[in-house]
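*Asks:* Below are the chains, spelled out letter by letter.
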Amino acid sequence: MEPIKIVVSGPVGAGKSTFIRTLSETEIVDTDARSSEAIGKALTTVAMDYGTLRLDGQLLYLFGTPGQERFDFMWDVLTQGALGMVLLVRGDKPEGFPQARRQLDYLLSQQPVPYVVGVTRQDRPPVWGPEEVALYMGQPPERVVGLNATDPGSAVTPLLRLLELMLGADAPS
Amino acid sequence: MTKQDQLQQILRELKQALPELRSVVVASTDGLPIVHDSADAPRVAAMAATALGLGKRISQTTELGALEETIVRGNQGYFVVYAAGEKGVLALAAPSGANLGLIHLEAREFATRLAQVL
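Just so you know, the protein sequences line up as chains A and B, in that order. Residues 1 to 173 in this note's numbering are what the first sequence spells out, letter by letter. Residues 1 to 118 in this note's numbering are what the second sequence spells out, letter by letter.
Calculated from the structure, these hints are not laboratory results. Just so it is clear, CB atoms sit at the ideal spot from N, CA and C, and this is done for glycine as well. Hints may be right or wrong, so weigh each one.
[What the hints assert, rightly or not] Label-pair restraints from in silico Cβ distances:
| # | chain 1 | residue 1 | chain 2 | residue 2 | range |
| --- | --- | --- | --- | --- | --- |
| 1 | A | Arg54 | B | Gln16 | 54 to 62 Å |
| 2 | B | Gln16 | A | Leu55 | 36 to 44 Å |
| 3 | B | Ser38 | A | Leu55 | 39 to 47 Å |
| 4 | B | Gln60 | A | Gln80 | 18 to 26 Å |
| 5 | A | Glu2 | B | Val72 | 30 to 38 Å |
| 6 | B | Arg22 | A | Gly81 | 29 to 37 Å |
| 7 | B | Glu68 | A | Glu69 | 44 to 52 Å |
| 8 | B | Gly77 | A | Glu69 | 22 to 30 Å |
| 9 | A | Gly57 | B | Gln60 | 43 to 51 Å |
[To be verified] Straight-line distance between alpha carbons at most 30 Å, and here's what the computed DSS-like set of lysine-lysine pairs gives:
| # | chain 1 | residue 1 | chain 2 | residue 2 |
| --- | --- | --- | --- | --- |
| 10 | A | Lys93 | B | Lys87 |
| 11 | B | Lys15 | B | Lys3 |
| 12 | B | Lys3 | B | Lys87 |
| 13 | B | Lys3 | A | Lys41 |
| 14 | A | Lys41 | A | Lys93 |
| 15 | B | Lys15 | B | Lys87 |
| 16 | A | Lys93 | A | Lys5 |
| 17 | A | Lys41 | B | Lys87 |
Let the sequences and hints guide you as you build the complete structure.
*Replies:* See the structure below:
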């Protein structure tokens with residue numbers, strides 16, 4: 001089976017770098033720089049994150065984007081050739097949802113691929129659950145999953161769902 | 001003199017030292033413009049931070065040692081990005097006939113001065 005390239009995007013602080021760090025079975029490539037804005041963390045991704053893992057025998061290449069909209073040129077660069085997308089949103093920060101929705105619309109307009117929305121920080125209530133975020137973002141419930149990006153068992157759920165959706169679409173009827 | 005004034009002053013001196021430069025942008029390493037003479041500064045600042053961040057990582061991964069600069073060369077000119085200490089990025093655009101050696105020489109010195117102010 002050919003490796004599958006998956007883009008991991010979403011607003012700043014959603015947990016994209018953490019997600020890739022948690023899941024990658026190979027040494028990751030990250031591009032952190034010191035943040036000069038108050039974004040709730042000291043470092044921020046300025047170019048990309050990269051990691052790989054094998055899931056159900058399928059090799060996945062994960063490409064993480066920066067979160068800030070000023071880096072939208074990297075969204076274009078990194079979505080080239082992607083076959084699937086995971087858009088992460090931080091479940092305890094609903095003020096980030098509008099950007100997440102804009103970003104999802106934009107990315108899908110550039111690269112219409114199967115996608116899953118992952119709602120992070122499910123381990124830290126009070127937090128929006130996937131059903132609530134699906135309603136808010138106008139997404140079908142099967143496209144939105146909850147996760148904790150620091151836990152490998154939980155972080156893998158959006159990828160499993162994505163593979164289901166991708167293989168489901170390809171399967172001969 | 002405020003920090004911003006000092007940075008503006010360094011920018012002016014850099015442009016006097018290298019009059020052939022098309023534009024100069026000083027940005028934070030996370031891609032926000034600080035001082036510049038470019039109409040397109042917000043976008044250039046973000047791209048400069050990306051080029052520097054990725055350049056550092058490439059340099060590290062391919063065992064090139066510490067990054068000196070990232071150069072983009074088009075058929076009509078150069079875009080060169082230098083680190084200005086831990087917090088800053090200095091990005092220059094120059095036409096294709098420019099003396100790159102001289103640019104490096106001056107830019108590295110100015111990057112050090114910028115780093116001291118930043």
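*Asks:* Each of the hints needs a verdict: does it hold here or not?
*Replies:* We went through each hint and held it up to the structure:
1. Arg54/A to Gln16/B: 54 to 62 Å: Given range 54 to 62 Å: holds, Cβ gap about 57 Å.
2. Gln16/B to Leu55/A: 36 to 44 Å: Because 57 Å falls outside the window, the suggested range is violated.
3. Ser38/B to Leu55/A: 39 to 47 Å: holds, 44 Å
4. Gln60/B to Gln80/A: 18 to 26 Å: holds, 24 Å
5. Glu2/A to Val72/B: 30 to 38 Å: holds, 31 Å
6. Arg22/B to Gly81/A: 29 to 37 Å: holds, 33 Å
7. Glu68/B to Glu69/A: 44 to 52 Å: violated, 30 Å
8. Gly77/B to Glu69/A: 22 to 30 Å: holds, 27 Å
9. Gly57/A to Gln60/B: 43 to 51 Å: This hint is violated: roughly 32 Å between Cβ atoms.
10. Lys93/A to Lys87/B: holds, 28 Å
11. Lys15/B to Lys3/B: It holds: about 19 Å lies between the C-alpha atoms, which stays within 30 Å.
12. Lys3/B to Lys87/B: It holds: about 14 Å lies between the C-alpha atoms, which stays within 30 Å.
13. Lys3/B to Lys41/A: holds, 25 Å
14. Lys41/A to Lys93/A: Status holds; Cα separation ~14 Å.
15. Lys15/B to Lys87/B: holds, 21 Å
16. Lys93/A to Lys5/A: This hinted pair holds, its Cα atoms lying about 28 Å apart.
17. Lys41/A to Lys87/B: holds, 15 Å
When the structure is compared with the earlier hints, violations turn up for hints 2, 7, 9 and for no others.
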